[in-house]
Amino acid sequence: MTTASSEKKGRGWFKEEFGNPERRTAYYMVLPSLFIIVVVAFFPVLYGIVLSLTDSTVSAFGSFVGLENYTEMFQDPDFLVSLTNTVIFTVVSVALEFIIGLGIALAVNRAFRGRGLVRAAILVPWAFPTVISAVMWRLMFQPGIGIFQYLAETIGIISRPVLSDPTLLLIAAILIDVWKTTPFMALLLLAGLQVIPGEVYEAARVDGANVWQRFFRITLPLLKGAILVAVLFRTLDAYRVYDLFWAFGARELQSLSTFVYEGVRISQLQFGTGNAAAIFIFLTSFLIAMFFIRVLGMRTSAEEE
Amino acid sequence: MASATATKGAAGRGALTTVLFYIFLVVFVFVSVFPLLWVFKMSIVTKAELFASPPTIVPQNVTGAEWAQVLGDPTFQQALVNSTIISTVTTVICLFFGSIAAYAISRLRFRFKGTVMTLILAISFFPAVAIIAPLFIQFTQFGLINTYASVIITDTVFALPLTIWLLVAFFRELPVDLEDAAKVDGATTIQAFRKVIVPLAAPGVFTTAILTFIHAWNEFLFANTFLFDETTQPVTVVIPNFATVYTVDYGAQAAAAVVVTVPLVILVLIFQRRIVSGLTAGAVKG
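Residue numbers (the working numbering), protein chains in the order written: chain A, 1 to 305; chain B, 1001 to 1286.
The set of hints was computed from the structure by calculation and includes no laboratory data.
Each computed SDA-like pair below joins lysine to any residue, with the alpha-carbon atoms no more than 20 angstroms apart:
1. B:Lys1113 <-> A:Trp13
2. B:Lys1113 <-> B:Ile1100
3. A:Lys15 <-> B:Lys1113
4. B:Lys1041 <-> B:Ala1243
Heads up, incomplete: computed chain A residues facing chain B, CB under 10 angstroms, no partners named:
5. Leu31
6. Ile36
7. Gly48
8. Ser52
9. Gly116
10. Leu117
11. Val131
12. Gly144
13. Ile145
14. Thr154
15. Ile176
16. Trp179
17. Phe184
18. Leu256
19. Val264
20. Leu283
Coverage of chain A stretches by chain B, computed from C-beta distances (three or more under 8 angstroms per stretch; other residues unrestricted):
21. 246-253
22. 268-278
The beta-carbon is built from N, C-alpha and C at its ideal position, and this holds for glycine as well.
Chain B on its own, in the form it takes in the complex (with noise of 0.2 angstroms):
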């Protein structure tokens, strides 16, 4: 008797308990999206419906005009152009030199590795913000102001210990046997390397393509640096800066912001178990 009411208490409480439990996801995911809602909304309604007091939750009058002025303005579709570029060849680069180095590191033996790690990571502690005057000096000298390059390079320097750590992660998991074998057969380091660990290693390149690609469009600081010309300026800068053009065009403003972000949530939506993978890669184990 005791028993069972004990048990018929626990499973009340196990229920109430999964009640809450999912009041409380709720509650999350839409604290974590509400933002992204609200300012899509913003970017939907007319003027009027903008400055109404008080806001109205559900969009009553919609128009496609501040949408149709933000992609119709020539800046912002520049914007887009270099954002694309700067984040699609720091990407390249990154994982070219970033995944040779990652082979080296987690398949072969040499002294200074412990040194070599250690200054790759370094670069994750290293404040941005303290090397932009000497840069920016060195860049003016080079002539590499308001240039892709400028934004590349830097970007490079920064995403490439991401791009090591994650690729370093995803090659120890790979078996060594195969490798051997291939080099059993007469394959050199570079072959056992192109031929076995490349096409095993594609979803973890991929994983680690995605998140570069991430870090290079988000970056801020150096583009706001080293580029002050419309013509290479990327998002990141541009959209900042509509608070002066478009002034109190707040519609105009909000359907920027949001566009930017459509690929971003596209590639979290559809890749976020690649996507986290990557990012607890290296934290689990140190």
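Here chain A stands alone, though its shape is the one from the complex (with noise of 0.2 angstroms):
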């Protein structure tokens, strides 16, 4: 069968694929959800870098410049800003999500009394809405009546209020980051416990290994995948924030996703320099995951196929 459906060349495929009618009725079956993903995703992407590529406003097409809305953006402080905020962002909450949550998967990986409650603790921060969560937590900063503010200034480690100072906003937003989706990450990285094989460690024991052995040479090994699979997530993830700088900062704190925003659907002028920053949003969370497929070796479940 495939020998000789490997011999067939030039349009043989396609009449074996079309003529196979489970296989024509496969192609039915999936092709409703690609449509509405390339018309609906792949096709404005096209159209964005077209657009950045012109002089367009939001209501008329314009002529080609080049590269001209790039080299401005890299000349915008604001767009050095909130590139800075964003590595900044990406790199300390994903590194702080990962220690810990990796710690906490470690912890609970056990029959415990009490696990559903846990698991239910686990999920609530993670079912808020982004925003939501936001505002839940600038009321909790907002000074006068926020219990945080409050604690802070009690201890003495700040002095004024965090919602107007750029560097507290953000350690504050990295902080909610944490809170919000540590339990997630844990979630993950004990499904990935969860399916090391117990006699592995037994095994590791009875010939002497000790605790920290058996992390190093055992748990992180066999955990490679799932750790890969929940980290890309999360840093792709925390790249775009978008929901909690704009609801948490109230447009105070800038990161790359409302840069895009602030210049494409708030200000008239900046609708160049809005779209070239959408541009190399995509290309750099593309050149992300690549990175992780390719140099960091993700096995994607695509390929299992």
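Combine both chains into one complex, guided by the hints.
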């Protein structure tokens, strides 16, 4: 069967794929989903690339200007602040979430009473809309009524309101993100831990391996797949942060995504640089994903087929 | 003698570890739910108590005024209706197209399966913000701005990969024999799907529906881009705006935030086991 199909050249595969009723049905079944995805996501990216190379406005298509929007973007101090904030936010929050999440996953990887309660507690921050948790945290940092503002001032860590200081805002945003997504990270890592067979540890223990050897020689290598999936998804998520910065920072805190939004939806004059930044985010996200898949050797389920 | 002491020491250490473990769990659960509890407290106390310094831990003067104000606000009522409509329609559309595609991917053989899965998964890596400008221009041309359709279309595209991914994982766990038996009995592929797979897969489909619904309910970027009229804006857009509407009426803002999370907390409490199985379905295999 396989040899016969590979011997056929040219349009042979086409006939084979569409001549077979089961295969034809399969294509009919995936086509609607593919169509929606291509039309609403991939086509607009191409259109976005075109827009970023022209002096278009939101209401009129302009003429070709080459990379002018991009050079302008890299000279824009707001863009540079957004880029710095986004990179700091992504690296610090994902690193903290990974370390704390792995610790939690290792700690709860056993049978214990009250598992259901812990699981529900894990899911509560995750299930919240990000903007709503941002609003809640903003209330808790509000001068005069905010519990965290009060505590921080009482202990004496800070002397001014968190909500009016860009650096403190960014630190607070990182902490909120850690609060919201560490449990989710822990959940993914825990699922990875649970498929490592117990006999492997038994064997290692019999051979005299200590806790640290077992962790670095068994747990980490066997958990690599789950770690890469969890860290990649979190990295891309953090990199395109929008909801949290927008609602918690109330426009005082800029990320790449809020920069794009300001450019294409609010300011009339920044449409070009906004589009350039949109394509910049798209390309860099793609590179991050490629880095995880090619360099770190992450397996995607598509390759299993 | 020596061995007895060692055993006793190990037992003591075991008990200590257990105590530390439960202290850790309590702290962990407390940190997770504290913001919700605290904001709920903020929403039920009088204004005087809200501004008290130091803040009260246990509410002293309870009032329902803030809740009454928020629940009676027509903008807020409309936003709840809008969120429900957008999330429900998105979930139904995703399940319809997603289950059909997932069945083909998990059960049928065809040449470009790998390519199809890669294309679908690529959306999960896709920064939504990259396409808001092109879509805004196109939606304007089609007259879709300020309509439910604009966010339902975009939410569907970004929820669909999740839906398909989960359903493929669930469908793969179902026994193939039953479908084969149905086909031997003369059922077509479509009939095998409808009569055999769909009923068997109901629990998995239900889990997928919950996760898709949460995804759509929480969406903010597209709604904030395409909807700027209160008649169609969902709660995620309306509540942050309360900061300017209710300015210093923090109690009302707190009440509004809590209301929106109530359906999600209920879903999580009832279906936590299913949700966890859904969230980890793809990750473990990958």
